[in-house]
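Turn these sequences into a full structure, and let the hints guide you.
Going down the list, the sequences are from chains X and F. Counting in this note's numbering, the first sequence runs from 6 upward without gaps. Counting in this note's numbering, the second sequence runs from -14 upward without gaps.
Derived from the structure by calculation, the hints contain no laboratory data. Be aware that a few hints might be false.
[Stated by the list, open to error] With a Cα cut of at most 27 Å, we get these calculated DSS-like pairs of lysine-lysine: (1) Lys348/X to Lys364/X; (2) Lys48/F to Lys142/X; (3) Lys145/X to Lys133/F; (4) Lys145/X to Lys144/F; (5) Lys455/F to Lys344/F; (6) Lys55/X to Lys129/F; (7) Lys150/X to Lys237/F; (8) Lys157/F to Lys201/X; (9) Lys164/X to Lys260/F; (10) Lys144/X to Lys129/F; (11) Lys140/X to Lys132/F; (12) Lys157/F to Lys164/X; (13) Lys150/X to Lys455/F; (14) Lys312/X to Lys73/F; (15) Lys132/F to Lys137/X; (16) Lys144/F to Lys144/X; (17) Lys133/F to Lys142/X; (18) Lys457/F to Lys201/X; (19) Lys517/X to Lys122/F; (20) Lys157/F to Lys237/F; (21) Lys123/F to Lys344/F; (22) Lys344/F to Lys150/X; (23) Lys142/X to Lys132/F; (24) Lys15/F to Lys144/X; (25) Lys73/F to Lys77/X; (26) Lys319/X to Lys288/X; (27) Lys63/X to Lys457/F; (28) Lys150/X to Lys133/F; (29) Lys145/X to Lys129/F; (30) Lys507/F to Lys457/F; (31) Lys138/X to Lys132/F; (32) Lys164/X to Lys129/F; (33) Lys150/X to Lys457/F; (34) Lys452/F to Lys344/F; (35) Lys133/F to Lys137/X; (36) Lys150/X to Lys132/F.
[Unchecked claim] Examples of chain F residues lying across from chain X (beta carbon under 8 Å, computed): (37) Lys122; (38) Phe127; (39) Phe186; (40) Leu372.
Yeah, the Cβ is synthetic: ideal placement off N, Cα and C, and Gly gets one too.
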Amino acid sequence: MEGIRHPVASGQQALSHMQLHALALLTLCSPATAQGDAPVAPSPGAVALKDGRFVLDKQIIPKPGGVVVKFKSADVFVPDRLIIDWFSPDAKVQYEAKNEKEQKRIDKGEIRFNGRWMRRDAATRTLVKLQKKLKAKIKKQNERKEWRNAIRIETKNFKFAHNLPDELFEELRELFEIYYKTFTKYWRLKTKLAHKPTVHIYSDAGDFNQIATNGPGGVLGYYHLLSNELHLYWDRADPELTIDVLFHETNHMLSDMVNGKFRYPRWIEEPMAEYYGASKWNKKTKKMEMGFVQAGRLAEIQDDIAKGKTMKLKNLIGSTSYQCYTWGWSFVHFMMETPKYQKKWKKFWLDIAHKNGIKRKGAGPFRTCDRDLLEKLLLKYTGHKKLDTLEKEWHAYVKKLEAQSLEGIEAAGRKLRSMGKYTKAEKFLAKAVSMGAKSPHTYAAYADVLYRGSGWSKALSMINKAIEMDPLDSEFYYKKGKILVQPGPVKNKKIAKQCYLLAAEITPDEWKYAIAAAEIYED
Amino acid sequence: MRCTSRFARFGVAAATLWIAAPTVGQKTFKDPRYGFQLVVPKDFRQVPINMDEKWVVAKFLYKRSLEPKNSVFWVEKTPELRVIIFPKVDVKEVIAARKKNKKVVVREKGKDKVINLLAHLQNPFRSYKEYLRENYKKGGWFVKDEKKTTIGGLPAVQKVITVEDKMGYGGKGTLFAWEIDYGDAIYVVQFDVIADYDRKFKPAISKGVKAFKKTPRTEALRSKLTTSASEETKRSVEAASSKKKLSPAERKKARQSDLARAIDKAKQTLPDGWKWYQHGPFTVFYSSSLKFAKRVSKQANLMWKFMNNNFSYIGKDHSVGGILRICRNSAEASLYEETSSRSGRFTLTHREIVLCDDKDWGFNDSGSGALNQRILSQYLADKNSRLWGSLPPWLTWGMQLYIDSLKMKGNRLVSKPDEWDMDVIRKALREGKFKAAKELFVAKYDEFQATREDRVQCFAMVRSLMKSNKKKYKVVIHDYLVTLDEKLRELYAQKLDLTGAASEEAAGRVRVRIEWGARRQKVFDHCREAVFGSWNDHAWKAFDTQWRADSKR
Chain X
6 MEGIRHPVAS
16 GQQALSHMQL
26 HALALLTLCS
36 PATAQGDAPV
46 APSPGAVALK
56 DGRFVLDKQI
66 IPKPGGVVVK
76 FKSADVFVPD
86 RLIIDWFSPD
96 AKVQYEAKNE
106 KEQKRIDKGE
116 IRFNGRWMRR
126 DAATRTLVKL
136 QKKLKAKIKK
146 QNERKEWRNA
156 IRIETKNFKF
166 AHNLPDELFE
176 ELRELFEIYY
186 KTFTKYWRLK
196 TKLAHKPTVH
206 IYSDAGDFNQ
216 IATNGPGGVL
226 GYYHLLSNEL
236 HLYWDRADPE
246 LTIDVLFHET
256 NHMLSDMVNG
266 KFRYPRWIEE
276 PMAEYYGASK
286 WNKKTKKMEM
296 GFVQAGRLAE
306 IQDDIAKGKT
316 MKLKNLIGST
326 SYQCYTWGWS
336 FVHFMMETPK
346 YQKKWKKFWL
356 DIAHKNGIKR
366 KGAGPFRTCD
376 RDLLEKLLLK
386 YTGHKKLDTL
396 EKEWHAYVKK
406 LEAQSLEGIE
416 AAGRKLRSMG
426 KYTKAEKFLA
436 KAVSMGAKSP
446 HTYAAYADVL
456 YRGSGWSKAL
466 SMINKAIEMD
476 PLDSEFYYKK
486 GKILVQPGPV
496 KNKKIAKQCY
506 LLAAEITPDE
516 WKYAIAAAEI
526 YED
Chain F
-14 MRCTSRFARF
-4 GVAAATLWIA
6 APTVGQKTFK
16 DPRYGFQLVV
26 PKDFRQVPIN
36 MDEKWVVAKF
46 LYKRSLEPKN
56 SVFWVEKTPE
66 LRVIIFPKVD
76 VKEVIAARKK
86 NKKVVVREKG
96 KDKVINLLAH
106 LQNPFRSYKE
116 YLRENYKKGG
126 WFVKDEKKTT
136 IGGLPAVQKV
146 ITVEDKMGYG
156 GKGTLFAWEI
166 DYGDAIYVVQ
176 FDVIADYDRK
186 FKPAISKGVK
196 AFKKTPRTEA
206 LRSKLTTSAS
216 EETKRSVEAA
226 SSKKKLSPAE
236 RKKARQSDLA
246 RAIDKAKQTL
256 PDGWKWYQHG
266 PFTVFYSSSL
276 KFAKRVSKQA
286 NLMWKFMNNN
296 FSYIGKDHSV
306 GGILRICRNS
316 AEASLYEETS
326 SRSGRFTLTH
336 REIVLCDDKD
346 WGFNDSGSGA
356 LNQRILSQYL
366 ADKNSRLWGS
376 LPPWLTWGMQ
386 LYIDSLKMKG
396 NRLVSKPDEW
406 DMDVIRKALR
416 EGKFKAAKEL
426 FVAKYDEFQA
436 TREDRVQCFA
446 MVRSLMKSNK
456 KKYKVVIHDY
466 LVTLDEKLRE
476 LYAQKLDLTG
486 AASEEAAGRV
496 RVRIEWGARR
506 QKVFDHCREA
516 VFGSWNDHAW
526 KAFDTQWRAD
536 SKR
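Next comes the structure, spelled out in structure tokens:
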């Protein structure tokens, strides 16, 4: 067996992301176990995660399938699937002989390293070089977090500025190019912008709010029509949401690129963006698929229906309200996914922006169409004489819609929870969990809903599952702590305190963790 | 719990000094309280620090505002220099203090007072970056350049921060910042300017900051911890805990004590170029011309008299006046009013009205109305805050615009609607768009859309009622407020029963709001019946004729 005490990353995924140290058969020896070395204090290492997070200045110990990060309050095992790179200055080359022959070579001062036998000092030198490379790489990635060191590149259709890990950005860049191709091919339009738009992707919400907005205000991303700049961030807590926002906001950008000075009114612009927002990105086939259900939006619509607040088509046309994102999305989905209307809607969408003879009026530096004209055109293109008949078909279509995919059900559950609809959220989240939810945040959301309903034992098992999936999310430990201070069989203040302290160590900027720990001390 | 810093500045003598200019026009600013000095470039003047501010200890404003070059949007900004202090504190300290339940004994007004240290360490800013993230909302920003340096022999980090309003008009600004490690705190000197002018100012600002020196600090950062609660609040809490109720005279005394504390603080921290005088119940601090200050304080006193003459019946409590702070321009007023987050608010500035000599728009445009409104709010809040917060829509809108319209004419106040409102009145009268008075008197909060016509109509009706010489109309507002007060007292004496109040879906606060709204509407219905119950169709018609006629005058 190679990698003797603590074999390094295993599995295809781990190997592909850990090329540098996967080559080396290194292991970390604690001071007591290092062969022939005098005991020394453990040195701090670092871990870079795929989603852009870092663990710096902590002792790192390789273990089968991942690494252990030594925090003061606890040891945390981080699986390979979350890691891009890690390094530990205490790593040593080691090899355990499998037979007598190999033992003889070891006795002669040789060691098996990187798949071949070499002198121990040569192997050590190679390892030092590799460690240096890894350290430099992690340092570089960490420095990139400062926006002044952001990477700026230009591709065929866009300019990009980002501070993401290269691997992550590369995936998104590919997505942008494919989206552009898919969109322009579907609508048979070419870009009319005089220059390429710039896409800014920030590594987290904090950077996005600080650099691109006037402060946190619920904005997830935006496209600026005057500067032709798109701004969005990578939400590691919800990558699906990031992709959704990306598809949505990029739709505004693409629409701007191909439609020149024409601006769709909000009740068409936003629902179209939402329709595209639900698209799926297939990493393997490099294709995007459209027409999926916006599960979160659907949950809101169903809630409206339950309250008897069904939206009228005449109210949707010309609307600028939030319902453009919910009911508006469902209308566009109905148009785009109903074979009877698909071509008609496509023609309507293209003609109002491009066809000669359609009256357009000024809207600042742009042009748009009147509400009444659009109502007339919609009736004409769909072949209806009255809105009522079209509305009837639309409402019947909406009633049949349901969240299809697991991701959709997860998203709907999380959305309902964030809206404070805990009873409904619980149903969606329970279903998602029973289907094997993929996001740790779904388990955490479920734990939160259960916690509110005093279902602490189940909440504890759910938050433990979330921690198992992402052991470096401080918020999960905080939530676990909150559960553990509740009365009954789950109560365990000692572990709760440890959870709070660990959360405070992982995210030192967040005061509430330390305060929560302090409150237990005070007790 | 309110957030407080660990270094309070209340009750500490200002004692900031300007000393001889190192070069022409420049001045050395010395602040012995916080133990530093720096050179302020010429054409910058000191602006007082908001009395509730906890982090910024000095602010300086350039002599004029600047506009970005080649911008299609009209924007202006005055370059500004400030010093901010962040005491060093870390989580371990918080935990350790909490673990030991550490208490700090401070001496206040000659008495020892025990304060839990945690109350004051709960939420300080731990870095300049954290401060910027919360306080800098003028556009997105990032650190463009950063280098280690030494300032006055102290280790420091010099930063150039690019600010860009990416979501808005795209304006660019620059912040030059020096984070100086003072030992137990980080002192930040920050200069904020439109990017087009950063090169112009950089040499003078850099030179001034390089002259930063650590001097003996007369006030240790952690030596004096104070609570931020006002005297009135503290006494009310004390009284409540001993199941007593403060009398109007006791409340007046507490308010006077709070006001005296604020005036004392304002006097102590008054920078160069500021003066003060007393006019009636108002202490006037001004950097504007004396003539302008006198005009403002005269109107304030007339408004005070108006309130006493017209609304003294609404409560037995006493209002105690306040502070008028009159700045020389809007930039100075904005800079004074701006406080950092986590400072806690409205403790010392609770009774302060900030105004400025707006040379672009004139005092009558908005300053006069704002002054009247603040005096009205403060007066009514003191006399009967519950009543003022519970008016029906017609009275809320009508009274607000009526008070706004009161302008000084000689030694009295007269209602003079602004031209915008008059345009709406004329147009609505011409086109017959005004509603019957009764329709607005019965309007409910949920249904009242408050269109401009509606608001102006409420104003015209209230103005007519306030000005009328007919007894029937003259008593309407008086009778309405007295009845409303009486019913509100009854309502507050009851416990809110939520059973069956709202749908199952509504929870917590929503249920309370729905139920509260229903109860309040009943009170309004009762008041309407009590005041207008005897009005028949003829009387309503007569009133409609009256207020329409009055609104033309």
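Hints, one by one, checked against the model:
no., hint, result
1, Lys348/X to Lys364/X, "holds, 22 Å"
2, Lys48/F to Lys142/X, "violated, 49 Å"
3, Lys145/X to Lys133/F, "holds, 20 Å"
4, Lys145/X to Lys144/F, "holds, 20 Å"
5, Lys455/F to Lys344/F, "violated, 41 Å"
6, Lys55/X to Lys129/F, "holds, 26 Å"
7, Lys150/X to Lys237/F, "violated, 56 Å"
8, Lys157/F to Lys201/X, "holds, 22 Å"
9, Lys164/X to Lys260/F, "violated, 56 Å"
10, Lys144/X to Lys129/F, "holds, 19 Å"
11, Lys140/X to Lys132/F, "holds, 23 Å"
12, Lys157/F to Lys164/X, "holds, 21 Å"
13, Lys150/X to Lys455/F, "violated, 73 Å"
14, Lys312/X to Lys73/F, "violated, 53 Å"
15, Lys132/F to Lys137/X, "holds, 25 Å"
16, Lys144/F to Lys144/X, "holds, 21 Å"
17, Lys133/F to Lys142/X, "holds, 24 Å"
18, Lys457/F to Lys201/X, "violated, 72 Å"
19, Lys517/X to Lys122/F, "holds, 24 Å"
20, Lys157/F to Lys237/F, "violated, 49 Å"
21, Lys123/F to Lys344/F, "holds, 24 Å"
22, Lys344/F to Lys150/X, "violated, 46 Å"
23, Lys142/X to Lys132/F, "holds, 22 Å"
24, Lys15/F to Lys144/X, "violated, 42 Å"
25, Lys73/F to Lys77/X, "holds, 22 Å"
26, Lys319/X to Lys288/X, "violated, 40 Å"
27, Lys63/X to Lys457/F, "violated, 82 Å"
28, Lys150/X to Lys133/F, "holds, 19 Å"
29, Lys145/X to Lys129/F, "holds, 17 Å"
30, Lys507/F to Lys457/F, "holds, 24 Å"
31, Lys138/X to Lys132/F, "holds, 25 Å"
32, Lys164/X to Lys129/F, "holds, 20 Å"
33, Lys150/X to Lys457/F, "violated, 72 Å"
34, Lys452/F to Lys344/F, "violated, 32 Å"
35, Lys133/F to Lys137/X, "holds, 25 Å"
36, Lys150/X to Lys132/F, "holds, 17 Å"
37, Lys122, "holds, 4 Å"
38, Phe127, "holds, 4 Å"
39, Phe186, "violated, 21 Å"
40, Leu372, "violated, 33 Å"
Checked against the numbered hints listed earlier, the structure breaks hints 2, 5, 7, 9, 13, 14, 18, 20, 22, 24, 26, 27, 33, 34, 39 and 40; every other hint is satisfied.
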